[in-house]
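A.B. asks: Quick one: dock chain against chain with the hints and give me the complex.
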Amino acid sequence: MIRLQNIEKVYRTNTVETMALNSISLNVAKGEFLSIMGPSGCGKSTLLNIIGLLDAPSKGEIKIDDQKTDHMSDKQLANFRNKKLGFIFQSYHLINDLKVLDNVELPLLYRTSSGSERKKLASAALEKVGLSNRVKHFPTQLSGGQKQRVAIARAIVGNPEIILADEPTGNLDSAMGNEIMDILQYLNTTEGATIIMVTHDENMAKRTHRLVRLFDGSQVQ
Amino acid sequence: MIKHLFKLIWNKKKQNFLLMTEMLVSFIVMFAIFTLLVYYYQNYNRPIGLDYDNVWNLGYGSPQGMSDADSIANFRESIKQTIISMPQVEGVSFSDANIPYGDANIGTMIAYNKVNWPSEMYTADDNYQKVLNITLNEGRWFSKIDDASREKPIVINETFKERVFGRESAVGKIMSDAAFGKGTMKVIGVMNDMKDKGDYAGPQNGYFRRMDTSNTGGGGIILIKVKPTADAAFESRLYKTLSNLMRNTSIDIKHMDKERTKRNTQLLGPIIVLLIIAGFLIINVALGLFGVLWYNINKRKNEIGLRRAVGASGAGISKQLMGEALVLSTISLLVGAFFAVQFPLLNVFNIASGTYIIAIILDILFIYFLVLVCSLYPGRQAAAIYPAEALHED
Chain B
1 MIRLQNIEKV YRTNTVETMA LNSISLNVAK GEFLSIMGPS GCGKSTLLNI IGLLDAPSKG
61 EIKIDDQKTD HMSDKQLANF RNKKLGFIFQ SYHLINDLKV LDNVELPLLY RTSSGSERKK
121 LASAALEKVG LSNRVKHFPT QLSGGQKQRV AIARAIVGNP EIILADEPTG NLDSAMGNEI
181 MDILQYLNTT EGATIIMVTH DENMAKRTHR LVRLFDGSQV Q
Chain Y
222 MIKHLFKLIW NKKKQNFLLM TEMLVSFIVM FAIFTLLVYY YQNYNRPIGL DYDNVWNLGY
282 GSPQGMSDAD SIANFRESIK QTIISMPQVE GVSFSDANIP YGDANIGTMI AYNKVNWPSE
342 MYTADDNYQK VLNITLNEGR WFSKIDDASR EKPIVINETF KERVFGRESA VGKIMSDAAF
402 GKGTMKVIGV MNDMKDKGDY AGPQNGYFRR MDTSNTGGGG IILIKVKPTA DAAFESRLYK
462 TLSNLMRNTS IDIKHMDKER TKRNTQLLGP IIVLLIIAGF LIINVALGLF GVLWYNINKR
522 KNEIGLRRAV GASGAGISKQ LMGEALVLST ISLLVGAFFA VQFPLLNVFN IASGTYIIAI
582 ILDILFIYFL VLVCSLYPGR QAAAIYPAEA LHED
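So the protein lines, in turn, are chains B and Y.
Mapped onto the working numbering, the consecutive letters of the first sequence carry residue numbers 1 to 221.
Mapped onto the working numbering, the consecutive letters of the second sequence carry residue numbers 222 to 615.
The following block holds chain Y by itself, in its conformation from the complex (with noise of 0.2 Å):
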């Protein structure tokens, strides 16, 4: 029978070259939103990597009349000293603006034997992995004894580790800054990767580099681990503080919770327009599927009083036309996942290959689904067809 099915459907191949059209588009455009719905997931499914719950980002603008190194460096210590002998405080860290759900991105390029790598870049100081709970895979985070450092200290996260390094241990490779070329760099330790860009962010590579305190450029941030019985009056009391201390800049206190939500809503908000707009895809192939489909019954009324009269029942007649979709169906599946499959293949979007597969996987199953759906009902309408009454329509 299948034989049978698939020399009617190649017989009548210029009037199933449509319906095949359609199947094949909507595999494509299916294809696209699984694959971003299973990278979503698999990234919602990753560890955060942090700890960002009563993290407070205190961000300032650059000291005003300060030129000197020391003159920044003892005004950064001052206030590191006065935020952490607030009893309500647990934890203190510089960093720049390159922070967890932060609205900055930082990118560069780094080499490791002559293959340029690109890079998250964030500065932080010593304190940074213990405010925001860092787990270290390898090595060490920065602290006194990197001041010694001829090269400059760097700590990787694990996927940068992983795609450059393998298995190997990355802890003591040199790396060079290859968008500034400023000198050489040593990896001290390799971090867990943290979706410091949302939840439902890919990982990428990024790496730390130690913070100068001492640098005169710009402002950044400060990060404030409090205790949870840090309240509003507690965040005045701060503000108003540090506000007397650094006179001369703005001051604003964000709350990284907060934050995440709000990076989440960001990226969460592109992908319910875009299932909007599937739902409504989805609605309008499976009209169609079902239009031409039932379109194709009254067509063939004959056919099918002719296949009942010499031995088809109800059952086997809808059973053949669920069937005949169903090869269509494949013939385009087939020709849709040929496409598909170039993506892992090819690394596109440098996207995990599991990714792709998973979403091809569930595209057919959601293809196949849909077909047999559509062609539910009209298989059904077909097998009530009384075989006298259908041969009697020319």
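Isolated chain B (complex conformation) (with noise of 0.2 Å):
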């Protein structure tokens, strides 16, 4: 489903060259539950933000559902994230302007789909996570593990095959987190969708099927 290959992360300042990832390959099958972890600033989050498409490699080649992405235009890219890909982040990044319902419709406004069929598959998100009775809430009424839920039903309301989770129980309590990862594994097992986590907690990782471990931008497990 996913294959990276040789990927390497290069930041360059004018003065110093940061290497974030270096030779990373990596498959991950259809419908696999991983998990990365590792240390602070070992290129976790850049490997995600490089499968999800949001960072480009400085070298190697990625290739999900075997198509190279590496020549896509941004509309292209931004097409890609739209209809495959799922991201729930630590910081729940939810607009707080908008309501949970808008938020959670706001991967639908980028494809062609009605105001009530963008409200129906919505609802039907919130649902799935336990939140049906907080759609006209704003995410500021909410706590975080509800806010997390919500991020999660914004990252699944476009049944998305990848979901993609920076850390997302890394900003809640252990009982919050565990809810939250019930919902992952219910998505992974009932849904079939294949989940890459990035995680600091061996417990939540113990939850996966895989566990791949980054020290210093290299792959170590």
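Calculated directly from the structure, the hints in this document are not laboratory data.
There's no promise every hint is true.
What the hints assert, rightly or not - Pulled from the structure, derived: some chain Y residues nowhere near chain B, Cβ distances all over 12 Å:
no.	residue
1	234
2	236
3	242
4	269
5	329
6	501
7	502
8	531
9	532
10	574
11	608
12	612
Said to hold, decoys possible - As a list, the in silico BS3-like pairs of lysine-lysine whose alpha-carbon atoms are at most 30 Å apart:
no.	chain 1	residue 1	chain 2	residue 2
13	Y	301	B	99
14	Y	394	Y	365
15	B	120	Y	233
16	B	119	Y	233
17	B	75	Y	522
18	B	75	Y	224
19	B	119	Y	228
20	B	119	B	136
21	B	128	Y	228
22	B	119	Y	540
23	Y	540	B	84
24	B	63	Y	522
25	B	63	B	84
26	Y	479	B	75
27	B	99	B	75
28	Y	235	B	83
29	B	99	Y	365
30	B	59	Y	522
31	Y	234	B	136
32	Y	540	B	120
33	B	99	Y	403
34	Y	373	B	68
35	B	120	B	75
36	Y	540	B	75
37	B	120	Y	224
38	B	75	Y	520
39	Y	520	B	84
40	B	136	Y	235
Think of the CB as a built atom: it goes at the ideal place given N, C-alpha and C, for glycine as much as any other residue.
C.D. replies: Below you can see the structure in the form of structure tokens.
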């Protein structure tokens, strides 16, 4: 499903060159739940951003669903992200000026779907994460766990094949974190979503199929 | 997407209020400026309605030592004959001080069917029309046959005719002097409007009454139509001749074309000052808009990153930000247009509705243009934001 070959990412300034990722090769199968761990600054999020086509590698090749992504235009990349990928972030990244339902509808705005269809899909996604009673709330009126559930609903509303989660439980207590993990596991086992999750938490990582460890930009496990 | 933009704007109404107020104020100020510019432009394009070339205005003071009407009439006739006998002169006409491009304005009120109409009043003799080559649309100019007329003859201009009589013929209609109650007046002709107050001045009601050359009161103006060959030497000779004839009074010769230029400059002066002020205001508004939009982008980097992650392209982000600015300006323009539309509806300042409508349209286009220009660069900057980078900023 996802194939990374010799991925390198170098950040350059006028004086310093930092190797964020060094020759990473990785295959993720369809329906797999993979976690990425490593100390802060080891390149976990950079790797996730590259897989999510939010950042381009300095070297190497990425194939998603047998499609090479390196020659895609900005518009094609955006379209690809919209259709194939769903993102969950540690700090939720909800738009505070939009209600919960509107936040969840966001990915569908970049597709050709009617308002009623968007509303239907967003409501269904919120129901899956157990938040159908909060559709008219603003994000500022929700707890951290609820916010993350909204973010998950937003990630799955477009029915993407791949979900990329960047420390989804990082801002939550363990009980809330476990609830979020339950939802992710449900999406993986029941809905068949391929999930790649960056985490600092060994316990959360243990709940995934496979663990990839990074250290100083290199894959060590 | 439009619905989404409206939702976003509505939910951020407090933050957007200032920006919308700025756009509204700009609209109102620019409406005033555009109205003035359109009004001036339309006036400039109207026919002048008189031939000012080679016309000299000779101002003279009150003749001294003549108290009876006959002496005054004879005195004026001898002056006229002296001037007309000169080979460079094509025509001579007596008028009061309210002449084209002059400094005098004489306003009065005349009534028709018990309705009072404010009007500019001119006094001229039988030759005035020929000297200034004024076109008559109806009826005739003053002549000897008016000597025996029971009602005072008047010639009104086209604007006055249209306002009072509409499409009906005005000739033969009886009006009355509402200001002084000096009897009735009969319309004997309708003349083209003449832009006697300058090329940028608007049309106004005007009527001519026939000059009584035996009138003992005050001085006046003699309009002299000269041949194109009339030069400074002739002007000097004319001055000397008339100075000898009018020993006890002062005379002064002016050229109507120069007076016209002077008058136009006087009218344009305030407009130029206003345009300079407007220019500064536009720069101010543009900088304000640019600043607010720029600030918004920096404040919304997370949101931009998120939108990019969920499927927006760089161009889509740019379009969205410009769209938001356009929606905000549309709301401001709707409010502004509501107030602006009251001007033609209530016929404020007696300016034609068309002038206001054109000004509103130009104003709307201008504000949209300004908003587009000001949001173009911030929009492009937003499009260039790298999603991974934007999502990392908290």
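A.B. asks: Taking the minimum C-beta separation from residue 608 of chain Y to chain B, is that value above 12 Å?
C.D. replies: violated (4 Å)
A.B. asks: Could you let me know if the closest chain B CB is still more than 12 Å away from the CB of residue 531 of chain Y?
C.D. replies: violated (4 Å)
A.B. asks: Residue 120 of chain B and residue 224 of chain Y were given as a pair; does the straight-line alpha-carbon distance stay at or below 30 Å?
C.D. replies: Within the cut-off at roughly 17 Å; holds.
A.B. asks: Within a Cα-Cα threshold of 30 Å, do residue 520 of chain Y and residue 84 of chain B meet the stated pairing?
C.D. replies: holds (29 Å)
A.B. asks: Per the stated criterion, does the least C-beta distance between residue 236 of chain Y and chain B lie above 12 Å, as a non-interface residue requires?
C.D. replies: About 9 Å separates residue 236 of chain Y from the closest Cβ of chain B, which leaves it inside 12 Å; violated.
A.B. asks: Take a quick look at whether residue 540 of chain Y and residue 84 of chain B sit within 30 Å of each other, Cα to Cα.
C.D. replies: holds (23 Å)
A.B. asks: Check the hint pairing residue 120 of chain B with residue 75 of chain B against an upper bound of 30 Å on the C-alpha distance.
C.D. replies: holds (27 Å)
A.B. asks: Verify the proposed pairing of residue 63 of chain B with residue 522 of chain Y, using a straight-line Cα cut of 30 Å.
C.D. replies: Answer holds: residue 63 of chain B to residue 522 of chain Y is near 28 Å, not above 30 Å.
A.B. asks: What's the verdict on residue 119 of chain B and residue 540 of chain Y, does the C-alpha distance respect the 30 Å limit or exceed it?
C.D. replies: holds (24 Å)
A.B. asks: Could you grab the alpha-carbon distance between residue 99 of chain B and residue 75 of chain B and see if it respects the 30 Å cut-off?
C.D. replies: holds (27 Å)
A.B. asks: Does the alpha-carbon distance linking residue 479 of chain Y and residue 75 of chain B stay inside the 30 Å limit?
C.D. replies: Status violated; Cα separation ~65 Å.
A.B. asks: Run the distance test for residue 75 of chain B versus residue 522 of chain Y: straight-line Cα separation, threshold 30 Å.
C.D. replies: holds (19 Å)
Hint violations for this structure: numbers 1, 2, 8, 9, 11, 12, 13, 26, 28, 29, 33 and 34, all remaining hints satisfied.
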